[in-house]
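Q: If you want the building blocks of each chain, they are given just below.
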Amino acid sequence: MPIANHATSVPVIVDDEKCIAHKGCKVCVEVCPLDVLAIDETKGKAYMKYDECWYCMPCEVDCPTGAVTVNIPYLLR
Amino acid sequence: MTSDAKTEVIETDLLVLGGGTGGPMAAIKAKEKNPALRVVLMEKANVKRSGAISMGMDGLNNAVIPGYATPEQYVKEITVANDGIVHQKAVMAYAQGSYPMIRFLDALGVKFEKDGSGEFNVRKVHHMGTYVLPMPEGHHVKKILYRQLRRLQVAVTNRFMATRLLKAADGHIAGAIGVNTRTGEFLVVRAKAVILACGAAGRLGLPASGYLFGTYENAANSGDGYAMAFHAGAELANLECFQINPLIKDYNGPACAYVTGPFGGYTANNRGQRFIECDYWSGQMMLEFWRELQSGSGPVFLKLDHLASETIGEIETILHSNERPSRGRFHERRGTNYRHRMIEMHISEIGFCSGHSASGVWVNEHAETTVPGLYAAGDMASVPHNYMLGAFVNGGIAGQTAADYCAEIDLPAHDTADIAAEQARVLAPTRREDGLTPYEMEFKTRRLVNDYLQPPKITAKINIGQERLAEVRADLDQLVVRDPHELMRALETQSILDCADLAAAASLYRTESRWGLYHLRVDYPETDNDNWFCHSMHYKDARGRIAHRKREVAPYIVPVAADEMSAYHHLRIKTPVAAE
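Chains R and Y, in that order, give the protein sequences.
Mind the numbering: the first sequence is residues 1 to 77 in my numbering, read in order.
Mind the numbering: the second sequence is residues 1 to 580 in my numbering, read in order.
Simulated from the structure, these hints should not be mistaken for laboratory data.
Don't be surprised by glycine CBs; every beta carbon is placed ideally from N, CA and C.
Treat the hints with care, as some may be off.
[Claimed, not checked] Simulated pairs of lysine to any residue, SDA-like, Cα-Cα distance not exceeding 25 angstroms:
| hint | chain 1 | residue 1 | chain 2 | residue 2 |
| --- | --- | --- | --- | --- |
| 1 | Y | 550 | Y | 92 |
| 2 | R | 43 | Y | 183 |
| 3 | Y | 444 | R | 4 |
| 4 | Y | 550 | Y | 512 |
| 5 | Y | 89 | Y | 561 |
| 6 | Y | 114 | Y | 136 |
| 7 | R | 26 | Y | 183 |
| 8 | Y | 540 | Y | 482 |
| 9 | R | 45 | Y | 92 |
| 10 | Y | 249 | R | 69 |
| 11 | R | 43 | Y | 480 |
| 12 | Y | 143 | R | 64 |
| 13 | R | 49 | Y | 335 |
| 14 | Y | 249 | R | 17 |
| 15 | Y | 461 | Y | 187 |
| 16 | R | 26 | Y | 187 |
| 17 | R | 49 | Y | 480 |
| 18 | R | 26 | Y | 140 |
| 19 | R | 49 | Y | 443 |
| 20 | R | 49 | Y | 463 |
| 21 | Y | 540 | Y | 129 |
| 22 | Y | 249 | R | 4 |
| 23 | R | 43 | R | 5 |
| 24 | R | 26 | Y | 159 |
| 25 | R | 26 | Y | 143 |
| 26 | R | 49 | Y | 550 |
| 27 | Y | 143 | R | 34 |
| 28 | R | 26 | Y | 486 |
| 29 | Y | 89 | Y | 68 |
| 30 | Y | 444 | R | 2 |
| 31 | R | 18 | R | 1 |
| 32 | Y | 124 | Y | 84 |
| 33 | Y | 111 | R | 61 |
| 34 | R | 26 | Y | 482 |
| 35 | Y | 444 | R | 51 |
| 36 | Y | 249 | R | 43 |
| 37 | R | 26 | Y | 249 |
[Stated by the list, open to error] Just the calculated beta-carbon pair ranges, DEER-fashion:
| hint | chain 1 | residue 1 | chain 2 | residue 2 | range |
| --- | --- | --- | --- | --- | --- |
| 38 | R | 40 | Y | 420 | 50 to 58 angstroms |
| 39 | Y | 418 | R | 17 | 21 to 29 angstroms |
| 40 | R | 62 | Y | 337 | 24 to 32 angstroms |
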């Protein structure tokens with residue numbers, strides 16, 4: 001069966017102004033228990049790639065510049 | 001993604017699978033026992049922030065501290081709370097190891113609540129004894145464990161998901177196979193002994209929100225350890241004693257009556273009245289909770305709004321900075337201020353977890369499974385109600401026992417054909433162009449678990465559930481993934497399906513009701529001690545099917561009088577007879 005791409009909102013938001021992934025920082029990507037964050041290589045910024053969030057917050061708490069915000073996933077709010 | 005399997009093979013003495021709570025402590029205690037021991041710790045995520053306590057923990061639920069409780073009292077309490085089906089020697093090994101472990105953690109820098117004279121400040125939550133020790137600054141636990149792993153030179157392999165255990169021709173454990181969740185590369189670890197510490201099967205039922213990852217357990221804990229143990233021929237105990245928890249509705253995190261109880265908070269019905277005498281999580285407590293939800297008195301709430309604002313401020317500080325810190329954000333968006341509104345609660349989806357109930361891979365008091373060289377600890381091992389401190393203590397026991405075992409044997413040989421077969425299984429979804437996604441198959445499996453397997457358990461429903469789950473299994477040859485991340489999800493889906501099949505088969509096997517709501521068999525409503533005062537053991541037979549047998553409950557080392565045994569059966573508050 002062919003596969004459709006399914007659009008969804010993501011709970012983790014990264015402030016591009018504050019994110020220093022372009023300097024080599026990957027802390028949020030490294031600490032995520034579900035491995036749902038990634039670096040957008042063209043922008044040099046972190047982003048949430050997969051909507052598979054346990055809203056546990058290491059990405060936000062461990063970010064050295066305060067660039068990451070964890071929201072409660074919409075289905076749970 | 002590419003289908004070429006790049007494979008590295010390494011050798012070690014001890015391999016620990018899972019870097020959450022029990023796994024790191026197993027590695028630490030094995031290294032302390034024998035500093036020359038080579039120890040590899042394989043973790044699906046990153047040990048810095050993995051497992052059930054990725055953000056820390058707000059307290060110990062089962063601390064056995066001199067002056068407050070004795071190991072004998074604790075063994076009795078858990079025996080009663082688990083309706084008598086316990087291997088008391090394992091509970092005693094935990095209870096005796098409890099205080100030394102608290103002292104060890106305290107020395108490492110884990111902060112526990114102490115009174116003015118520096119003594120541990122223990123609180124009462126259980127029905128009988130006093131075992132709860134708050135950790136107001138418990139958010140540092142993972143960092144402290146990580147520091148010890150570095151200090152002791154444990155070799156950590158992050159982002160490798162173990163998929164199957166390897167065995168030697170004589171049945172001894174010989175290592176494990178893992179796959180990198182970002183590159184798809186394989187790592188074969190040959191080892192003399194393996195400790196399974198992969199956490200609960202927490203992605204088994206579907207949360208009421210419908211969000212696959214909105215689970216009570218860390219959603220990374222998808223039951224991989226249960227599935228690996230099953231396929232390696234280990235026996236799994238009492239899986240029908242499901243984990244079901246009373247949680248904050250939709251948020252699906254703990255409401256924390258344990259934390260709020262000592263401050264005066266309690267579980268209430270829609271009139272703000274207490275209906276249970278004790279907030280300790282047991283099957284009997286969950287049965288009363290479920291009955292209240294079914295009656296006109298639901299929903300059920302956590303009631304704090306009668307407390308002083310300063311007290312609530314203290315509660316907020318604890319609950320919003322440890323374990324599940326996004327909880328404050330959830331309440332804020334809904335406008336739920338604990339001072340003015342009760343917190344709506346609900347019943348969780350089902351799972352396997354000995355940390356809170358009793359469903360786990362069978363282990364004895366030495367953390368040994370039924371497979372030589374294979375050990376298990378933490379939420380996935382069968383020591384009942386063992387919580388975080390149990391994961392630490394039993395992880396430590398597993399590490400010490402395994403270190404001794406490693407000193408006595410040579411590295412076992414494995415069959416390379418097993419590796420080839422496992423790689424073919426793992427990579428199959430990468431070799432398809434289209435088909436069914438892991439997301440769809442997981443959703444369907446877990447939706448079927450809710451529809452057919454969650455209590456009250458009805459034979460006719462479970463039978464239909466088994467048919468539907470068999471159809472999902474038949475669809476596995478259509479599973480397709482596009483990258484290594486999706487491959488991880490596809491492998492987890494297969495663990496979840498294995499656990500769903502085990503949950504159904506285990507529930508049918510025990511033809512009685514026991515453990516309150518956890519195993520409420522409508523067709524067999526009575527507890528049948530004549531035939532079922534035993535552990536039920538579930539394992540894979542020679543033909544690959546789920547088989548069962550009974551295991552006798554070993555003679556108690558702490559006797560329990562008959563009138564004490566029913567203490568947890570009278571949790572509902574007695575209502576006075578109406579005056580008229």
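Q: Hint by hint, note whether the structure agrees.
A: Cross-check of the supplied hints:
no., hint, result
1, Y:550 <-> Y:92, "holds, 22 angstroms"
2, R:43 <-> Y:183, "holds, 22 angstroms"
3, Y:444 <-> R:4, "holds, 17 angstroms"
4, Y:550 <-> Y:512, "holds, 14 angstroms"
5, Y:89 <-> Y:561, "holds, 18 angstroms"
6, Y:114 <-> Y:136, "holds, 10 angstroms"
7, R:26 <-> Y:183, "holds, 17 angstroms"
8, Y:540 <-> Y:482, "violated, 31 angstroms"
9, R:45 <-> Y:92, "violated, 51 angstroms"
10, Y:249 <-> R:69, "holds, 23 angstroms"
11, R:43 <-> Y:480, "violated, 30 angstroms"
12, Y:143 <-> R:64, "holds, 16 angstroms"
13, R:49 <-> Y:335, "violated, 30 angstroms"
14, Y:249 <-> R:17, "violated, 35 angstroms"
15, Y:461 <-> Y:187, "violated, 41 angstroms"
16, R:26 <-> Y:187, "holds, 24 angstroms"
17, R:49 <-> Y:480, "holds, 19 angstroms"
18, R:26 <-> Y:140, "holds, 21 angstroms"
19, R:49 <-> Y:443, "holds, 19 angstroms"
20, R:49 <-> Y:463, "violated, 39 angstroms"
21, Y:540 <-> Y:129, "violated, 39 angstroms"
22, Y:249 <-> R:4, "violated, 32 angstroms"
23, R:43 <-> R:5, "holds, 23 angstroms"
24, R:26 <-> Y:159, "holds, 14 angstroms"
25, R:26 <-> Y:143, "holds, 18 angstroms"
26, R:49 <-> Y:550, "violated, 47 angstroms"
27, Y:143 <-> R:34, "holds, 18 angstroms"
28, R:26 <-> Y:486, "holds, 21 angstroms"
29, Y:89 <-> Y:68, "holds, 21 angstroms"
30, Y:444 <-> R:2, "holds, 18 angstroms"
31, R:18 <-> R:1, "violated, 42 angstroms"
32, Y:124 <-> Y:84, "holds, 22 angstroms"
33, Y:111 <-> R:61, "holds, 19 angstroms"
34, R:26 <-> Y:482, "holds, 23 angstroms"
35, Y:444 <-> R:51, "holds, 18 angstroms"
36, Y:249 <-> R:43, "violated, 38 angstroms"
37, R:26 <-> Y:249, "violated, 34 angstroms"
38, R:40 <-> Y:420: 50 to 58 angstroms, "violated, 37 angstroms"
39, Y:418 <-> R:17: 21 to 29 angstroms, "violated, 52 angstroms"
40, R:62 <-> Y:337: 24 to 32 angstroms, "holds, 29 angstroms"
In this structure, the hints that do not hold are numbers 8, 9, 11, 13, 14, 15, 20, 21, 22, 26, 31, 36, 37, 38, 39, in rising order.
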